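Asker: Sequence:
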Amino acid sequence: ILVFIILSSISLAAEDPVRAHSPRNHILGYFDYAFTSIFTVEILLKMTVFGAFLHKGSFCRNWFNLLDLLVVGHVVQCVFVAIRTIGNIMIVTTLLQFMFACIGVQLFKGKFYSCTDEAKHTPGECKGTFLVYKDGDVSHPSVRERLWHNSDFNFDNVLAGMMALFTVSTFEGWPALLYKAIDANAEDQGPIYNYRVEISIFFIVYIIVIAFFMMNIFVGFVIITFRAQGESEYRNCELDKNQRQCVEYALKAQPLRRYIPKNRTQYRVWAMVNSTAFEYIMFVLILLNTIALQSKPFNYVMDLLNMVFTGLFTVEMVLKIIAFNGVVTGIGGPHNLSPLPRQHYFCDAWNTFDALIVVGSVVDIAVTEVNVSGSPCPLVPGRLVFGGALQCLSLPPSISSCPSVSIISVISISVISIHLQLRHHISI
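Just add 1162 to the spot in the sequence shown (first one is 1) and you have the working numbering.
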């Protein structure tokens, strides 16, 4: 049902409001009939399951079900909860907006006026007509009337100031307003180039306080609201949040499998490549290799460094292949012992990625040395700079967990973004 709601919203947004009888609207009309039929079937199914009117818990005794006959109840419920949660934040933001607008009125009241003829700086001078040359061509002059006009966004009163500052907070065309404020001279005086550069501090402070600080607080409260909505489903549960997470973790937990070789020499190599010191040494080498890739003036030296780093990464790959060429031992005990194929190095996606980068780098160096003609090699574009840059992504396990955390965060943020987009779509 949620998928059909999203598709219905997209269909509604795709309609042509100007040409009501356009072919696109004609096709979308059939989709509208289909979506309406699907939502009608949904309501009929709910009435069949819960009943219509008579008994307690029936469909029509739920106000949100009645509201669902007209609009989407879940979206409206989230909007109401969000409004209750962020109401205080909106009040504080409005008060700060009002405060900055009052300061802006004191600084810029009546100072955003200018003449259409930039050579005139007072209302008395801004009279008559002047010549304008199209594209600087003196052979095509045009006569324009001098007009003393105000900027579309100004600080002549508090409401106008709040509107002007709102455009600044959206980062849409705000540099033009900043330049007008810097050039502002005095009341009934035209602008002077860079008259008060220090006035830009006012806009910088406003952006930091409103656009950055308050907006982040707003987003944080929205996230808290959605988490609270999710927790409301468990309000009758005897377990608290931490206890539920422990139970969920226990149900989803699986035995870990460690590659522990039995050979003593091989075990020493395995312990070395799994040590924290080895991880950070390789991480430093990756960073140094990236810095070497960025340096272009000393091509010969950089080529030598590239060979050195490629050799070190090759040694790392060989050591890991030796270390992980052993028997798998289950953490749960002897009953979890399970012999697997002898090559366990490529079972890890990061190790496979490492191997691809190292092999590609070796091929790049070999082809470059063989290709003495100086013509670029079509098989290895850009001397594998792209592959070398991707080597930075191959971080130690303790560091490479950051992308996984980012992916989980993106999934949560995407749900909130979809909800905000639906609110924006409904308001339009």
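Just so you know, not all the hints are guaranteed correct.
Within a straight-line C-alpha distance of at most 25 Å, the following computed SDA-like cross-link-like pairs (lysine to any residue) qualify [stated by the list, open to error]:
1. K1208 x S1220
2. K1342 x V1300
3. K1342 x V1371
4. K1282 x L1258
5. K1342 x C1277
6. K1271 x V1300
7. K1342 x S1331
8. K1271 x K1218
9. K1218 x T1202
10. K1296 x K1271
11. K1218 x A1196
12. K1342 x Y1355
13. K1208 x N1187
14. K1282 x F1315
15. K1282 x C1264
16. K1271 x D1178
17. K1424 x Y1396
18. K1289 x S1313
19. K1282 x F1328
20. K1282 x F1201
21. K1424 x K1414
22. K1342 x S1313
23. K1282 x I1372
24. K1282 x I1354
25. K1271 x H1188
26. K1414 x R1397
27. K1271 x K1208
28. K1208 x I1189
29. K1342 x H1302
30. K1218 x Y1396
31. K1208 x L1258
32. K1403 x K1424
33. K1296 x S1313
34. K1271 x L1258
None of these hints come from the bench; they were simulated from the model. Computed from a prediction, not measured in an experiment: that's the story for all the values here.
Asker: The structure should be examined with respect to each hint, and the outcome stated for every one.
Answerer: We went through each hint and held it up to the structure:
1. K1208 x S1220: Given that 25 Å is the threshold and the Cα spacing comes to 9 Å, the pair holds.
2. K1342 x V1300: violated (29 Å)
3. K1342 x V1371: Holds, because 21 Å separates the two Cα atoms, which is no more than 25 Å.
4. K1282 x L1258: violated (37 Å)
5. K1342 x C1277: Between K1342 and C1277 the Cα gap is close to 13 Å, so the pair holds against 25 Å.
6. K1271 x V1300: violated (38 Å)
7. K1342 x S1331: holds (17 Å)
8. K1271 x K1218: violated (63 Å)
9. K1218 x T1202: holds (22 Å)
10. K1296 x K1271: violated (33 Å)
11. K1218 x A1196: violated (32 Å)
12. K1342 x Y1355: holds (9 Å)
13. K1208 x N1187: Violated: K1208 and N1187 sit about 31 Å apart, past 25 Å.
14. K1282 x F1315: holds (21 Å)
15. K1282 x C1264: Distance ~29 Å between K1282 and C1264 Cα, so the pair is violated.
16. K1271 x D1178: violated (42 Å)
17. K1424 x Y1396: Between K1424 and Y1396 the Cα gap is close to 49 Å, so the pair fails against 25 Å, i.e. violated.
18. K1289 x S1313: holds (18 Å)
19. K1282 x F1328: At roughly 31 Å apart (the allowed maximum being 25 Å), F1328 and K1282 break the hint.
20. K1282 x F1201: violated (65 Å)
21. K1424 x K1414: Not satisfied, since the Cα-Cα distance of roughly 30 Å exceeds 25 Å.
22. K1342 x S1313: holds (9 Å)
23. K1282 x I1372: The hint is violated at about 37 Å.
24. K1282 x I1354: holds (11 Å)
25. K1271 x H1188: Violated. K1271 to H1188 sits at ~52 Å, over the 25 Å cutoff.
26. K1414 x R1397: holds (23 Å)
27. K1271 x K1208: Status violated; Cα separation ~61 Å.
28. K1208 x I1189: Violated. K1208 to I1189 sits at ~29 Å, over the 25 Å cutoff.
29. K1342 x H1302: violated (30 Å)
30. K1218 x Y1396: The given pair, whose Cα atoms are some 22 Å apart, holds under the 25 Å limit.
31. K1208 x L1258: It is violated: about 47 Å lies between the C-alpha atoms, which goes past 25 Å.
32. K1403 x K1424: violated (43 Å)
33. K1296 x S1313: Roughly 23 Å between the alpha carbons, so the hint for K1296 and S1313 holds.
34. K1271 x L1258: holds (19 Å)
Comparing the model with each numbered hint stated earlier shows that hints 2, 4, 6, 8, 10, 11, 13, 15, 16, 17, 19, 20, 21, 23, 25, 27, 28, 29, 31 and 32 do not hold.
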